[in-house]
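Chains as they are written, first to last, in this note's numbering: chain A, 179 to 692; chain B, 1217 to 1575; chain C, 109 to 420.
If you're looking for bench data, these hints aren't it; they were derived computationally from the structure.
Don't take every hint at face value.
As the list claims (entries may be wrong) - Footprint (simulated), chain B over chain C, 3 or more residues, beta carbon under 8 Å: (1) 284 to 295; (2) 354 to 364; (3) 372 to 385.
Claimed, not checked - Interface residues of chain B toward chain C, partial, derived using beta-carbon atoms under 8 Å: (4) THR1360; (5) GLY1379; (6) ALA1548.
All residues carry an ideal CB built from backbone N, CA and C; glycine is no exception.
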Amino acid sequence: MALETPIVEMRGISKRFGELQALADVDLTVHRGDIHALVGENGAGKTTLMNILYGLYRADAGTTRIRGNEARIAGPRDAIHLGIGMIHQHFMLVPPLTVAENVVLGDERGGPLLDRRGIEARVSELEARFGIRADPSAKIEDVPFGVQQRVEILKVLYRGSEILIFDEPTAVLTPQEVDDLFQIVRTLRGEGKTVILITHKLREVMAVSDHVTVLREGRNAAQLVTTRTTPAQIAVAMVGRELREIAARSGTPGDVVLEVSGLTAPSDRGGPALKGIDLGVRAGEIVGLAGVGGNGQSELAQCILGLRDASAGVIRVGGVDVAHDDPHRTRRRGVAYVPEDRRVEGLVLPFSVAENFILGKQDRAPYARRGILRADAIRREGARLATEFDVRPADPDIEVGSLSGGNQQKVVLGRELSESPKLIVANQPTRGLDIAATEYVHERLLDQRSRGCAILLISSELDEIRDLSDRIAVMFEGRILAVLPASEATEDRLGLLMAGHVEAVGERSGTSPA
Amino acid sequence: MRQPSFEWTRGPAIPVVSVLFALVLGGLFVWISGHDPITAYAALLRGAFGSPYDISETLLIAVPLLLTGLSVAVAFRAGLFNIGAQGQLLVGAVAAGWVGAQWPDLPAIVLLPLTLLAGILGGAVYGGIAGWLKAARGVNEVITTIMQNYTIVFVMHWLLQNGPMQAPNAFGTPASAPIGAGAVLPVIVPDFLVPSSRLHAGVLLALLATVAFWFLLWRTSLGYELRAVGLGMRAAAQAGIDPRKRMVIVMAIAGGFAGLAGMIQVSGLFHRVYDGFSAGFGFDAIAVALLGKNAPLGVVLSALLFAAFSRGGTLMQSDAGISSHLVEIVEALVLFVIAAETVVRAVARRWGTPVKAVS
Amino acid sequence: MDVLIGAGVLAATIRLATPVALAALGGVVTERSGVVNIALEGCMLVGAFFGVFAADRTGSLPAAIAAAVVAGILLAAVHALAAITFRADQIVSGMALNILALGLTSYLDYQLYSTTGTPSTIPLVPNVHLGFLENAPVLGGAIGDQSAIVWATLAIVVLLQLFLFRTVPGLRLRSVGEHPRAADTLGIDVRRTRYWAVLASGALAALGGVYLSLSVAGSFSDNMTNGRGFIGLAAMIFGRWTPVGALGAALVFGYGDALSVSLQGVKVAGVEFPVQLLSTIPYLLTVLAVAGFVGRSRMPAADGQPYESEGH
Chain A
179 MALETPIVEM
189 RGISKRFGEL
199 QALADVDLTV
209 HRGDIHALVG
219 ENGAGKTTLM
229 NILYGLYRAD
239 AGTTRIRGNE
249 ARIAGPRDAI
259 HLGIGMIHQH
269 FMLVPPLTVA
279 ENVVLGDERG
289 GPLLDRRGIE
299 ARVSELEARF
309 GIRADPSAKI
319 EDVPFGVQQR
329 VEILKVLYRG
339 SEILIFDEPT
349 AVLTPQEVDD
359 LFQIVRTLRG
369 EGKTVILITH
379 KLREVMAVSD
389 HVTVLREGRN
399 AAQLVTTRTT
409 PAQIAVAMVG
419 RELREIAARS
429 GTPGDVVLEV
439 SGLTAPSDRG
449 GPALKGIDLG
459 VRAGEIVGLA
469 GVGGNGQSEL
479 AQCILGLRDA
489 SAGVIRVGGV
499 DVAHDDPHRT
509 RRRGVAYVPE
519 DRRVEGLVLP
529 FSVAENFILG
539 KQDRAPYARR
549 GILRADAIRR
559 EGARLATEFD
569 VRPADPDIEV
579 GSLSGGNQQK
589 VVLGRELSES
599 PKLIVANQPT
609 RGLDIAATEY
619 VHERLLDQRS
629 RGCAILLISS
639 ELDEIRDLSD
649 RIAVMFEGRI
659 LAVLPASEAT
669 EDRLGLLMAG
679 HVEAVGERSG
689 TSPA
Chain B
1217 MRQPSFEWTR
1227 GPAIPVVSVL
1237 FALVLGGLFV
1247 WISGHDPITA
1257 YAALLRGAFG
1267 SPYDISETLL
1277 IAVPLLLTGL
1287 SVAVAFRAGL
1297 FNIGAQGQLL
1307 VGAVAAGWVG
1317 AQWPDLPAIV
1327 LLPLTLLAGI
1337 LGGAVYGGIA
1347 GWLKAARGVN
1357 EVITTIMQNY
1367 TIVFVMHWLL
1377 QNGPMQAPNA
1387 FGTPASAPIG
1397 AGAVLPVIVP
1407 DFLVPSSRLH
1417 AGVLLALLAT
1427 VAFWFLLWRT
1437 SLGYELRAVG
1447 LGMRAAAQAG
1457 IDPRKRMVIV
1467 MAIAGGFAGL
1477 AGMIQVSGLF
1487 HRVYDGFSAG
1497 FGFDAIAVAL
1507 LGKNAPLGVV
1517 LSALLFAAFS
1527 RGGTLMQSDA
1537 GISSHLVEIV
1547 EALVLFVIAA
1557 ETVVRAVARR
1567 WGTPVKAVS
Chain C
109 MDVLIGAGVL
119 AATIRLATPV
129 ALAALGGVVT
139 ERSGVVNIAL
149 EGCMLVGAFF
159 GVFAADRTGS
169 LPAAIAAAVV
179 AGILLAAVHA
189 LAAITFRADQ
199 IVSGMALNIL
209 ALGLTSYLDY
219 QLYSTTGTPS
229 TIPLVPNVHL
239 GFLENAPVLG
249 GAIGDQSAIV
259 WATLAIVVLL
269 QLFLFRTVPG
279 LRLRSVGEHP
289 RAADTLGIDV
299 RRTRYWAVLA
309 SGALAALGGV
319 YLSLSVAGSF
329 SDNMTNGRGF
339 IGLAAMIFGR
349 WTPVGALGAA
359 LVFGYGDALS
369 VSLQGVKVAG
379 VEFPVQLLST
389 IPYLLTVLAV
399 AGFVGRSRMP
409 AADGQPYESE
419 GH
């Protein structure tokens, strides 16, 4: 096999978006008739790499060879011509059109008149050949996600694709649909097609793939043969590993501040994001929420804050149920929130530093009295907080959008931590920050713990979780698989749990909430 | 439909350039159609500012333009596109006209505030409906407000032609009964200064409204919330500022400004409501707000500019024989250059230049 | 009874519905491709004016119609350039063009015809006399003597319905308005499709303007479209963005207008019927439909959203 020319060979691929280096010198080799898993966390560069292969982006550097020949893929047309087809994560389907119409769109064949019967017959024929079931005359908006995905597969097969790229194909599928999909993927392999599977779900990697390429932060992290690796090995490659001493803990946790039980909630795309979460965080304790990104962590944070409606379950903060409160009321109970995306959710970028410090407090003393803003108090507090939280430059009037990422995050912290919250929900608080800013954020969170604050820390950085947390909860596919004391959370164990292996939990640690 | 997202650089460079550009193009148009642009613009200028009387007439037109301009601007600040200032103005006028005529014998100290309140409330309710439909049912405010503009026109036809507001002895244009003397805004320019000036106290109300606009947006908690929703809806939402509630509130405020314009037209100028009343101000208001960058002083200046166009255009037609509709062409060109500014910004953003916006 | 369903009322319904239907058809085409064009009002107005202008200058009806349609297309082309190429705000661009059309036509009307008014000798669009219906009691009066444009409109409705839902280019046009990225990934040229759609909307609206000036009025007067382009948008929405639906909505709206004339002065239970309120029906129904209170009115998913292909 190694002697055969690879059907896809990408070498030294780099791509930059503005300041973000999305891909740096990435290689990918895929053999004909293979199911090749491309894995990595959200933002690792998987989709970007495949968008380059499909011609949606152009690489800044690097070469792509298809069947041994160097290929210039300037757009999807070129890709289709080379026999490359993409099954997008967000389905590229037109909801009011039928299954058959979606399959043939852009390549309808026959005259200018729409020959519905002919089209449907052609699609049925294709379905029979690859063992795919979908009613050709049904409208896309009326069929479930699993069927929509089959339509996406039919689209690329209709165009004669030999190489099929699946971008996170199981994200919206039910377990039954996932099984059906894998059956189809194996049939495709049997028909001599090559499949590239973008995913971050290790169970899937183990279940169907032949080879695995792992990306981390836009770089190659590992190239593995599936039969000769373990899920834990892949998980550690995905999140990165660095052995270090676990810092000694100080202080003893107090009363339970956050208590979540039986929490379920839908995702943005309809399926369940949370499937019965039980979790507790005590005063003076940091609970780290580990897991490969996209397993429901952000949805949990949004539910606690009141930004997302829970479908069932209880969320108590200081003993009061806040499950049905809006963010305004939740925050009044002493909940602070460091959102995942500070530029969109954390800050109003065109506002000044001082104005951002009062976001959510704009109607309260000392910033306002009887609905009238007190400009002097806002400026004074702004200057004080800017200094206290080391915002550089410490100018309360400067526009937040013009600050660096680290200083923007300091503004968020200054706003969220300055009023002695009871509970802090911090979602990826150091993402994209440099080392100094990261340390600063860590120190501030530890200060809050010493003060007696309860902290739920969501992070995809295993090091961060292990350095800061007293206990570590691992999330997988909308569930909390285990809550381990930090001392027992070895890397191997966390890696297995993050891959969905519950057996990794020892006898002593259960899934007890608090 | 997409939400408008207008961000503006500080400073008056772009508005000034766009007006000059539009004037040059308009002049070119005049020249092509066989007239002298200099003569045309000179007549326009004379018509707008040639005598104290002309100036007072120009100011009269500026008042409803300013108020409807504030109406559009306040909605823009919260990220909404209010095309309904015209309809809100008319509802305000009807409400004010009805109250003013219903109790004509009340003293001014009672009737004038009552009329004022009626005008503002009428517009606020009409605008608030559009905000509520957006918040509760997701109806695009552009569609609602366009439809509302036409609805009130026909409701007025009915009210004035054979409905409850029809004046007993009206002939010619259908009209309501005149409002009571207590509801009239007095003329504030003495005869010896400007003979037979019609400039009324509404000018002062409009300036007061401009101060209120500034105070609301930059000096109150509510104004802060509206701007936060307009500039960063998700950040505002997670901080506990519910964008949907603010949508209803800001559309009601926008309607209130426009309703005040309607009330002033009734109490200050016409002293009754008639069919075809004050047409077109609400559409010019969009240009006024955009050219004025949704800022208080900017809106005042652009309202004056468009008022001067309007007043001067009439004289240009009678003096220089050039259709007053030239000013509409110029106005359209101004709007176009402003729309093009978003293009310039889009390009600038793509090239990585940081975009600053007024908060 | 005659004031409700008499031949006169029905004929008036058709007369009032035709320009609205043409504007609505323009709206259907452009919004199905994903571009909001509120400049339809302006396209109608320039169509109305340049139809009369060209009829006056050339004395030829075909030339007049051609000139009107070209004027509508040119105005729409400016909108297409702003909305599609420059991704400017489609509402602002549309507003600007409406004001421009109003200013331009009124300006030219004043400069050219202020003293005399538009000439009365220009060729007009002929009516189609259906002799065999002469003695049919209601039908004969209603459709026996309508303008050729009325019949052309009917034909356009049928053709457009077939085009959108029974042809390959129609399928592609709809896919561009619903999911431009999907269409783009399949090699369909989103921008070109949208350009064609916007230009077509200008042509259709301009034909509506021609109907007003060269068929109903026989002359041009300032702002003679008087908001019909906007009622057309309402008819498009209420007709659920389909040609047949738009025609149906235009007829409903036209019937309301016709009644507001025929019911004038009629007393119901001793009170004069509020005929003017009938004219508010189009607007109220449209808002209720969009809000989901009356039926289900779903706009094309990408309507009004500028499309930018993925950066390379």
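Hints, verified against the model:
For the segment 284 to 295 of chain C, the assignment as covered by chain B is violated, since 0 residues bring a beta-carbon within under 8 Å of that chain's beta-carbons and 3 are needed. Using a Cβ-Cβ cut-off of 8 Å, 0 residues of the segment 354 to 364 of chain C lie near chain B, which falls short of the minimum of three, so the contact claim is violated. Counting residues of the segment 372 to 385 of chain C whose beta carbon lies closer than 8 Å to any beta carbon of chain B gives 5, which meets the minimum of three for the stated coverage. Hint on B/THR1360 holds. Least Cβ distance to chain C is approximately 6 Å, under the 8 Å limit.
Proximity of B/GLY1379 to chain C holds as hinted, the smallest CB-CB distance being about 6 Å (cut-off 8 Å). Taken as an interface hint, B/ALA1548 checks out: its beta carbon lies about 3 Å from the nearest beta carbon of chain C, inside 8 Å.
Hints 1, 2 from the earlier list are contradicted by this structure; the remaining hints agree with it.
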